[in-house]
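A.B. asks: One-letter residues, chain by chain:
There are 2 protein chains.
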Amino acid sequence: MDILFLALADQTRRDVVERLTHGEAPIKELAAPHDMALPSFLKHIDRLEDAGVVTSRKVGRQRIVALTPEAFGPAETWIDRQKRVWEGRLDRLEAVAKRIEAETNPFPKDET
Amino acid sequence: MDILFLALADQTRRDVVERLTHGEAPIKELAAPHDMALPSFLKHIDRLEDAGVVTSRKVGRQRIVALTPEAFGPAETWIDRQKRVWEGRLDRLEAVAKRIEAETNPFPKDET
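Note that the protein sequences, when read in sequence, are chains A and B. 62 is the number that UniProt numbering gives to position 62 of the first sequence; each next residue is one higher, with no gaps. 34 is the number that UniProt numbering gives to position 34 of the second sequence; each next residue is one higher, with no gaps.
Next up, chain A with everything else stripped away, as it sits in the complex (with noise of 0.2 Å):
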């Protein structure tokens, strides 16, 4: 997960992960819009290789780079979890309060 959030992190990798949404494309056509040697881009496309983000194949002399969005799952499903232990405690928190006041509150609304 760490290597996943990691892969995340950075602008240029975001970058390619919306141009692969579109469709796979090859390493020359992904590097053209951005402004840094193609080593450094190869690294980049690395990492989301390394997070299971992309998969590459060679093709011909080209290399292709494609999406594989099942990959952002533990990713989702984590931050989900979190949103949804955070909404439950508000919910009781919530009833809680609802609680206390129809137990102090000598005149409830719905009995006046």
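Quick caveat, the hints were computed from the structure, so don't treat them as lab data. Heads up, some of the hints might be wrong.
One copy or any two copies: either way a pair holds, since identical chains are not told apart in the list.
[Said to hold, decoys possible] Below, computed lysine-lysine pairings styled on BS3-like, alpha-carbon distance capped at 25 Å:
id	residue 1	residue 2
1	Lys83	Lys43
2	Lys28	Lys83
3	Lys43	Lys58
4	Lys28	Lys58
5	Lys43	Lys28
For this one, chain A is given, so just place chain B on it according to the hints.
C.D. replies: Below, chain B without anything else, positioned relative to chain A:
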């Protein structure tokens, strides 16, 4: 966004977030399960606070840390958008495949 993904790219920091979904806590309590020196642990809290994932306040001689779950918003939205673009593309590919099949199949299923 880099800083947010980086904040989540560490097991200790994710543990802290998971603990805080159950409610705010003093630094000492948060540090207890982690086998590391307090200054190292405080750096993790700083990283989370810099990313807006937690806030902290001093109460007497304690520092209390609380979660800011809204901070996950940009990360969630970004991941979600990538998935939607990808799935939209799959839907369009499927539609094209069906059209080609309909145009080239001399015996379409529906008309036999």
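A.B. asks: A separate judgement is required for each hint: does it hold in the structure or not?
C.D. replies: Verification of the supplied hints:
1. Lys83 x Lys43: For Lys83 and Lys43, only the inter-copy Cα distance (24 Å) is at most 25 Å; the intra-copy one is 33 Å.
2. Lys28 x Lys83: between (39 Å within a copy, 24 Å between copies)
3. Lys43 x Lys58: Cα proximity of Lys43 and Lys58: one copy only (17 Å, versus 43 Å across).
4. Lys28 x Lys58: Close inside one copy (13 Å), not across copies (52 Å); limit 25 Å.
5. Lys43 x Lys28: within (14 Å within a copy, 39 Å between copies)
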